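Undergrad: Chains as they are written, first to last, in the working numbering: chain D, 1 to 413; chain X, 1 to 478.
These aren't lab readings, by the way, just hints derived from the structure by calculation.
If a hint is listed, it holds; no wrong ones were tucked in.
Below are the BS3-like pairs computed for lysine-lysine, each with C-alpha atoms no more than 27 Å apart in a straight line:
no.	chain 1	residue 1	chain 2	residue 2
1	X	K54	X	K174
2	X	K349	D	K358
3	D	K38	X	K343
4	D	K43	X	K318
Fair warning: this is a prediction, and the values are worked out from it, not measured in the lab.
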Amino acid sequence: MSAWLDMALNGAPINDSLVSQRQQSLALLRAARWPNRKVEAWKYTPVRALEQIDYSAANQSTAARGVDAVEGLSAIELVLINGVPQAIAGELPAGLQVRALSEGEAIAGELFGSVKPSRHIFGLVNDVLAADGWVIDVAPGVQIETPLRIVYRTTEAAQAHGRVLVRLGDKSRLTVIEQAEGTEPSMSTYFSEFSVGVGAHLEHYRFALQTGAAMSVGGCHVLLAERSELHSTLVGFGSDLSRLDVDVIHGGEFASAKVNAIYLLDGRELFDLHSTIEHACANGTTEENVRGIAGGQSKAVFNGRIHIHRHAQKTLAELNNRNLLLTSGAEINTKPELEIYADDVRCAHGATVAETDKGALYYLQSRGISRSQAQIMLNFGFINELVDAMPNAALAQWLRPQLRARFAQMGDA
Amino acid sequence: MTEQIDKALKREYEAGFVSAIESETFAPGLDEDVIRRISAMKEEPEWMLDWRLKAYHSWREMEEPEWAHVDYEKIDYQAISYYSAPKSMKDKPKSLDEVDPELLRTYEKLGIPLIEQQMLAGVAVDAVFDSVSVVTTFREKLAEAGVIFCPISEAVHKHPELVKKYLGSVVPPKDNFFAALNCAVFTDGSFVYIPKGTRCPMELSTYFRINEQNTGQFERTLIIADEGSHVSYLEGCTAPQRDENQLHAAVVELVALDDAQIKYSTVQNWYPGDEEGRGGIYNFVTKRGIAHHRAKISWTQVETGSAVTWKYPSCILKGDDSVGEFYSVALTRAKQQADTGTKMIHLGKNTRSTIISKGISAGRSNNSYRGLVRMNPGAEGARNFTQCDSLLIGDQCGAHTFPYVESRNASAIVEHEATTSKVSDDQMFLCRQRGLDPEKAVSMIVNGFCKEVFKELPMEFAVEAGKLLEISLEGSVG
Chain D
1 MSAWLDMALN
11 GAPINDSLVS
21 QRQQSLALLR
31 AARWPNRKVE
41 AWKYTPVRAL
51 EQIDYSAANQ
61 STAARGVDAV
71 EGLSAIELVL
81 INGVPQAIAG
91 ELPAGLQVRA
101 LSEGEAIAGE
111 LFGSVKPSRH
121 IFGLVNDVLA
131 ADGWVIDVAP
141 GVQIETPLRI
151 VYRTTEAAQA
161 HGRVLVRLGD
171 KSRLTVIEQA
181 EGTEPSMSTY
191 FSEFSVGVGA
201 HLEHYRFALQ
211 TGAAMSVGGC
221 HVLLAERSEL
231 HSTLVGFGSD
241 LSRLDVDVIH
251 GGEFASAKVN
261 AIYLLDGREL
271 FDLHSTIEHA
281 CANGTTEENV
291 RGIAGGQSKA
301 VFNGRIHIHR
311 HAQKTLAELN
321 NRNLLLTSGA
331 EINTKPELEI
341 YADDVRCAHG
351 ATVAETDKGA
361 LYYLQSRGIS
371 RSQAQIMLNF
381 GFINELVDAM
391 PNAALAQWLR
401 PQLRARFAQM
411 GDA
Chain X
1 MTEQIDKALK
11 REYEAGFVSA
21 IESETFAPGL
31 DEDVIRRISA
41 MKEEPEWMLD
51 WRLKAYHSWR
61 EMEEPEWAHV
71 DYEKIDYQAI
81 SYYSAPKSMK
91 DKPKSLDEVD
101 PELLRTYEKL
111 GIPLIEQQML
121 AGVAVDAVFD
131 SVSVVTTFRE
141 KLAEAGVIFC
151 PISEAVHKHP
161 ELVKKYLGSV
171 VPPKDNFFAA
181 LNCAVFTDGS
191 FVYIPKGTRC
201 PMELSTYFRI
211 NEQNTGQFER
221 TLIIADEGSH
231 VSYLEGCTAP
241 QRDENQLHAA
251 VVELVALDDA
261 QIKYSTVQNW
271 YPGDEEGRGG
281 IYNFVTKRGI
291 AHHRAKISWT
301 QVETGSAVTW
311 KYPSCILKGD
321 DSVGEFYSVA
331 LTRAKQQADT
341 GTKMIHLGKN
351 TRSTIISKGI
361 SAGRSNNSYR
371 GLVRMNPGAE
381 GARNFTQCDS
391 LLIGDQCGAH
401 TFPYVESRNA
411 SAIVEHEATT
421 SKVSDDQMFL
431 CRQRGLDPEK
441 AVSMIVNGFC
451 KEVFKELPME
461 FAVEAGKLLE
471 ISLEGSVG
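Bound-form chain D, shown alone (with noise of 0.2 Å):
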């Protein structure tokens, strides 16, 4: 096992009215084999990082410092510090019901795990030790209009687990904006569980743009009732250690998921995006498109995986993967699986790895444009249609300077 989680879960689990689902997986995790390479979901990531930190949870501040602020768009903000929400601004408006977890409403006992995998170690980890987080709760047939926007922020030399648990009712609409970022020495785990009932509609966004020394374990996972949809766009930075794992559960028929995701690695940086999505109903679809480029020595790593189960017919399933490899320091790993038991459905996926095209850097170059230039032009190009595709267009206005920030930089190196 491991140093790290042995001092992590000292004192643990919480006794609170959760306990009877901590001491679960606090069994699971005990019996659970630790990341390593010989662990096929861990293969390409190391997590020996882990073992020289010294981050507890006695580092923790609460000090509030002001979110920064998404120009043009009007959200709720939810916020959680080391994993410890803040007070809520405003008002919420009717069919909304936002509550701390540790509250320990009985929504809260009804969703938790409920979604999640137990499969997720750190997922396990996170059950045992987030104290807290949010549970917002959408009544059916409500149509929320304004985004709700849940800030991770882990302080310097903490470590942090929170956890968010959102329900939408049958028939209603939502979008959730989930962002952590920071460069601070860190380690934090944030986990996310969507129900989304019949014929509702969730747009979400995960934001993982934690850099440096803040290492980051999360997941974010949705179960889809029938007719529901999911638009999902998750953008990532690499860091230390950054994981995350994504779960889309086709649990009722004619559901539809949308997931767009993109990784920038730049540094000696690592980011490790696992998808996993499961139809166990029939008539799903689900498209799936991932970009990502890795410059510097930075490592990145995909594992998506589609699983149609028995009785799922009529299935309609794609993945695409595209990679932009720029310098040979750096290494791209990817795995598209299809693993299929029905047999009257339609499934493709596409994995592709190459450098960027020499023969349009030229046509920029002689076009009087600088090499570097040029170079930035063309990774914003690459992944540009996904931000495009992104529904909010303050949210893609307000992502676009950073991901130009991001290739300036990876261009320096």
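Could you slot chain X onto chain D? The hints should help.
TA: For chain X alone, coordinates are given in the frame of chain D:
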């Protein structure tokens, strides 16, 4: 339609019969003593025995791999007999006329009369009946060209320098669990050496066949193509019907030196077990080739048999400008399970690889493609293209794809694509409208699906492969 499916899936194994030939067989069990006895029976030199014992000791330290997408009862390695030889082999036959007539009849039942093959196909056959090579033909003609084609047990005596240099150089004894076991107990197999600049005058072929009950077959094949040479090698196998699972853990090593070309084709039709999945062969094979500068290694396989298949013919593209190819058709039905694919390890500059894999699943079977494409930092300008297609027939089977892509060189290009579909109602309707019966229609559609692979097979094999698929799939979709 269900009736048709049932009928087609209940097809009996055509090659299922047992030859009544007395065999000399070791008692089940594996220890150092067994290995010493195998080595002694083969009158092997000391170095060979040491090599086997070393492999045996590393095997004991190893664990049986569990990562493959297959499910089978644990094998009791102490319940297997590790040597079996037809008794009439004690005095080796000098020509076909001296071969046990019962043995020859066995081959005839399989549709490969040796004499006919020699005359019609111009193929040299090194037939393996259980564990001892029975007869090797066309030796002289090959000898004229300087080609060495003999049982590996003979090569150990006659060409020890070559065997010592290359045996285990591509698949080392510690490579994996099954390869280590093979190193310790292999009984026989083929050895091929093609001298510099020589084009082998004929296609080389081995016919494998498991016969004795409870004996695992541990074949070892080593093919060395010296600089600028060219060889095409065919391997085909069927096995008689059995109720107990039989283990087959072969190792094939290919060495293609500078500018050499090796084409290795397999049609595999071991006994797949009955409708309930009882019996059938466990086929756990390690096949790997190493390609030096400008060399080319091409694997083509048609896999229709075995209860469980675990097989990844691979290429290590070590030399600059070397080429690796993998063409595969894998068909599973009843309760068969196949986990097969390839590894392309790009080490040299401008290395190229192509992977075309076609998986067909029917009945309650599971068919997985598992592949690895690795571009190492030195693989400047390397290129890979992979295409994996799966066809599902019936709603009780599974088709899976697990492709690993690892790139560490920016100038390398890797492309992978995979699709899964079924024989569509539209395709069937079109064919039937043109007056084809459902069986013919399915056969035609499946043949079209596999065409890219079949065209890579040598003529004789392409015919056999097409026939195999046709029999397997008669009328299984509507």
